[in-house]
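The primary structure of each chain is shown beneath.
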Amino acid sequence: MDFATLLQVLDSTVRLATPLLLACLAGLFSERSGVIDIGLEGKMLIAAFFSAAIAALTGSVWMGLGAGIVSSVLLSGLHGLASITFRGNQLISGVALNFLAAGLTVLIAQDWFSQGGRTPSLMGAGRWEAITLPFAETLRAVPVLGPIYYELISGHSILVYVALLCVPATWWVLFRTRFGLRLRAVGEAPEAVDTAGVSVVGLRYAAIVICGLLCGLAGSYLATGLQAGFVKDMTAGRGYIALAALIFAKWRPWYALMACLLFGLLQAVALRYQNIDFGGITIPVQVMDALPYILTVVILAGFVGRAIPPRAGGEPYVKER
Amino acid sequence: MTTMKSLAGSAAALALTAGAALADPALIYDLGGKFDKSFNEAAFNGATRWAEETGGEFRDIELQSEAQREQALRRFAEAGFNPVVTTGFSMSTPITNVAADYPDTKFVTIDGYVDPEAHPNVKSILFAEHQGSYLVGMMAAMASESGTVSFVGGMDIPLIRKFACGYAQGVKAVNPDATVIANMTGTTPAAWNDPVKGSELTKAQISQGSDVVFAAAGGTGLGVLQTAEDEGILSIGVDSNQNYLHPGSVLTSMLKRVDVAVFESMEAGADLETGVEVLTLAEDGVGYAMDENNASLVSEEMQAAVEEAKAAIIAGDLAVHDYTSDDSCPALTF
Numbered sequence: 001m002d003f004a005t006l007l008q009v010l011d012s013t014v015r016l017a018t019p020l021l022l023a024c025l026a027g028l029f030s031e032r033s034g035v036i037d038i039g040l041e042g043k044m045l046i047a048a049f050f051s052a053a054i055a056a057l058t059g060s061v062w063m064g065l066g067a068g069i070v071s072s073v074l075l076s077g078l079h080g081l082a083s084i085t086f087r088g089n090q091l092i093s094g095v096a097l098n099f100l101a102a103g104l105t106v107l108i109a110q111d112w113f114s115q116g117g118r119t120p121s122l123m124g125a126g127r128w129e130a131i132t133l134p135f136a137e138t139l140r141a142v143p144v145l146g147p148i149y150y151e152l153i154s155g156h157s158i159l160v161y162v163a164l165l166c167v168p169a170t171w172w173v174l175f176r177t178r179f180g181l182r183l184r185a186v187g188e189a190p191e192a193v194d195t196a197g198v199s200v201v202g203l204r205y206a207a208i209v210i211c212g213l214l215c216g217l218a219g220s221y222l223a224t225g226l227q228a229g230f231v232k233d234m235t236a237g238r239g240y241i242a243l244a245a246l247i248f249a250k251w252r253p254w255y256a257l258m259a260c261l262l263f264g265l266l267q268a269v270a271l272r273y274q275n276i277d278f279g280g281i282t283i284p285v286q287v288m289d290a291l292p293y294i295l296t297v298v299i300l301a302g303f304v305g306r307a308i309p310p311r312a313g314g315e316p317y318v319k320e321r
Numbered sequence: 001m002t003t004m005k006s007l008a009g010s011a012a013a014l015a016l017t018a019g020a021a022l023a024d025p026a027l028i029y030d031l032g033g034k035f036d037k038s039f040n041e042a043a044f045n046g047a048t049r050w051a052e053e054t055g056g057e058f059r060d061i062e063l064q065s066e067a068q069r070e071q072a073l074r075r076f077a078e079a080g081f082n083p084v085v086t087t088g089f090s091m092s093t094p095i096t097n098v099a100a101d102y103p104d105t106k107f108v109t110i111d112g113y114v115d116p117e118a119h120p121n122v123k124s125i126l127f128a129e130h131q132g133s134y135l136v137g138m139m140a141a142m143a144s145e146s147g148t149v150s151f152v153g154g155m156d157i158p159l160i161r162k163f164a165c166g167y168a169q170g171v172k173a174v175n176p177d178a179t180v181i182a183n184m185t186g187t188t189p190a191a192w193n194d195p196v197k198g199s200e201l202t203k204a205q206i207s208q209g210s211d212v213v214f215a216a217a218g219g220t221g222l223g224v225l226q227t228a229e230d231e232g233i234l235s236i237g238v239d240s241n242q243n244y245l246h247p248g249s250v251l252t253s254m255l256k257r258v259d260v261a262v263f264e265s266m267e268a269g270a271d272l273e274t275g276v277e278v279l280t281l282a283e284d285g286v287g288y289a290m291d292e293n294n295a296s297l298v299s300e301e302m303q304a305a306v307e308e309a310k311a312a313i314i315a316g317d318l319a320v321h322d323y324t325s326d327d328s329c330p331a332l333t334f
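Chains A and B supply the protein sequences, listed in that same order.
In terms of the UniProt record's numbering, the first sequence has 164 at position 164, counting the first letter as 1, and numbering is strictly consecutive.
In terms of the UniProt record's numbering, the second sequence has 30 at position 30, counting the first letter as 1, and numbering is strictly consecutive.
Quick caveat, the hints were computed from the structure, so don't treat them as lab data.
Possibly wrong hints are sitting among the right ones.
[Stated by the list, open to error] DEER-style ranges, computed between Cβ atoms:
1) B:I314 / A:S60: 51 to 57 Å
2) B:T93 / A:G237: 20 to 26 Å
3) A:G77 / B:S328: 30 to 36 Å
4) B:D322 / A:P147: 40 to 46 Å
5) A:L133 / B:G316: 46 to 52 Å
6) A:G237 / B:A312: 43 to 49 Å
7) A:D289 / B:P176: 29 to 35 Å
8) A:L133 / B:D326: 50 to 56 Å
[Claimed, not checked] Within a straight-line C-alpha distance of at most 25 Å, the following computed SDA-like cross-link-like pairs (lysine to any residue) qualify:
9) A:K232 / B:S299
10) B:K34 / A:Q115
11) A:K232 / A:W112
12) B:K310 / B:S299
13) A:K232 / B:E70
[Claimed, not checked] Some chain A residues well away from chain B (every beta-carbon gap over 12 Å; in silico):
14) T13
15) R15
16) I38
17) S60
18) G103
19) P143
20) R176
21) R178
22) F230
23) A290
24) A307
Where a beta carbon is used, it is the ideal one built from N, C-alpha and C, also for glycine.
Isolated chain A (complex conformation) (with noise of 0.2 Å):
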């Protein structure tokens, strides 16, 4: 493998990760707070979808981000009334989820557009351009690190930059204030945080109307930024895969960009070589499709360290009387 081959890969690797990256944030705040989300994937799909035909109907691709955050907050905010409000099962509620988002997309884009449950082909300011970062152009002719510059960290649409960005302030977040202190405790001990006069209720909601709008993002990006308009199942599995990878990634921020990047490598490497010769030994395309769900069993098994989920996790609070 050579130089530029490997930026490629590397560069696919970005967008492919990025995606992930994103919904696996969402999931983190979730179930750090005690909400257990497998959900992410239909938030994806209906923000995919908002995004599309709101950018396809307005032609701006703003809007159709807003369009698309704001449907995802909306279906967190019902999976936080079945599951925090009215205390049902967590996962029984986002498994609705995905079914009522892949039913919904369609429905309305079949509506809408009369296209069989896609959105017209985007154009122009409906998309995510790419963005040249600044001396990419110049210190492309600088050995070794300007093609580095300008292939891999230059040259992607605006949501990869903030989805990275998500990162560091996730864990400032998390970690560093009080909310997420307080954030933290709810999904250890609902109980202390109760008799500390702090809401439960409350810190959950906020929690799952940031993965809402973490998970619009996503679906945004894949939508409007990786493709030029919402087709029918789109998200494929992204949002199961990045379920593995925060169980992989043991709830953690920066554990999470480094899983979401293995996982987006796999997929490249996947992607470009689809059967690996490997000294004599060729290992077939679905071992590497199959290699996130085996890391995260591995992971799961104890054999790497132990994933221990937030203790409150799955469970409604209820008060004691």
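Model the placement of chain B on the given structure of chain A, informed by the hints.
Then chain B, alone, in the frame of chain A:
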């Protein structure tokens, strides 16, 4: 007496509606969905054309999961629809399970194969995709400046390999030194609907030098065609005429006349002749698309060369190897 009359009347009405339903055909789309701009949409277009020309009515259903296949077949057969037309190779096994229970209903499996001896009421319609792919492969090789062309398949199944193999043979016929890169999107049905992965595959192929890409991947192909336009290379559509999706970027489309197959099955109605039918270049069952959207991309020499090859294939002077005949391809390794 009055009661008797009305009873007889309603019975007659019932008989009439039953008779009407008996003549109605039904259409079952595969998991890619009715409006995939490709395979299933071609079936829908054929059925619509039949309805418009004959004034008849048809029922259709889009499958949502594997489990619905047999259920949908039984529902249509029990409701008296005849023939029941299905698209996609995955329907052949469910039809094998169901056909014997409804001997008076004719089933049509497009792209699937059911043994005509064992199931006399089933018609299998197959296409010579390798021949059509050969022609678009020739066009790809002639349009390519880099000498490298590529292929993006949907789910990795023998049928899609048949496309890839025919395409590679066509490419090599024009330029024996050409490189053909072939990638499959995945091994599950989700591979038909993952345009993001289609885009990434195309980008990877472009970085390996490809400047013409042939997508035989259902909804995934839309991502391939989009990326080809964004990156300024040529693409080739599949099944339906996809030239209009990105005018000036889609070189041509490998046509598979699923619409004709559906139209003719519905036209024949309950008297449909069963058995196995293979639609080849000779019957215009496969071909390549030319219209105003790609007129500027295809030179006269290209078209002349392709027409010559087409005539040779029809006459039997030129044999295109069919991957599914022996699960191997002389021009391409997978």
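Would the hint linking B:K310 and B:S299 be met if the CA-CA limit is 25 Å? holds (17 Å)
Go ahead and decide if the range 50 to 56 Å is satisfied by the Cβ distance of A:L133 to B:D326. holds (53 Å)
Holds or violated: 29 to 35 Å for the Cβ distance of A:D289 and B:P176? Roughly 34 Å apart at Cβ, these two residues keep to the hinted range, so it holds.
Should the hint that A:G237 and B:A312 are 43 to 49 Å apart at their CB atoms be regarded as holding? The hinted range 43 to 49 Å holds for A:G237 and B:A312, with Cβ atoms some 45 Å apart.
Using Cβ atoms and 12 Å as the threshold, tell me whether A:S60 really stays out of contact range of chain B. holds (19 Å)
Examine each Cβ of chain B, and state whether all of them lie more than 12 Å from the Cβ of A:R176. The claim stands: A:R176 keeps its Cβ more than 12 Å from every Cβ of chain B (closest is about 35 Å).
Indicate whether the distance between the beta carbons of B:D322 and A:P147 respects the range 40 to 46 Å. Holds, since B:D322 and A:P147 (Cβ atoms, about 45 Å apart) stay within the stated range.
Beyond 12 Å from every Cβ of chain B: is that where the Cβ of A:A307 lies? holds (27 Å)
I want to verify a distance hint. Is the separation of the beta carbons of B:T93 and A:G237 within 20 to 26 Å? holds (25 Å)
Far enough from chain B: is every CB of that chain over 12 Å from the CB of A:A290? Non-interface label fails for A:A290: nearest chain B Cβ at 10 Å, not farther than 12 Å.
Quick one, are B:K34 and A:Q115 close enough, alpha carbons at most 25 Å? holds (10 Å)
Going by Cβ atoms, does A:R178 stay more than 12 Å from chain B at every point? holds (39 Å)
When each numbered hint is compared with the structure, violations occur for hints 3, 5, 9, 14, 15, 18, 22 and 23.
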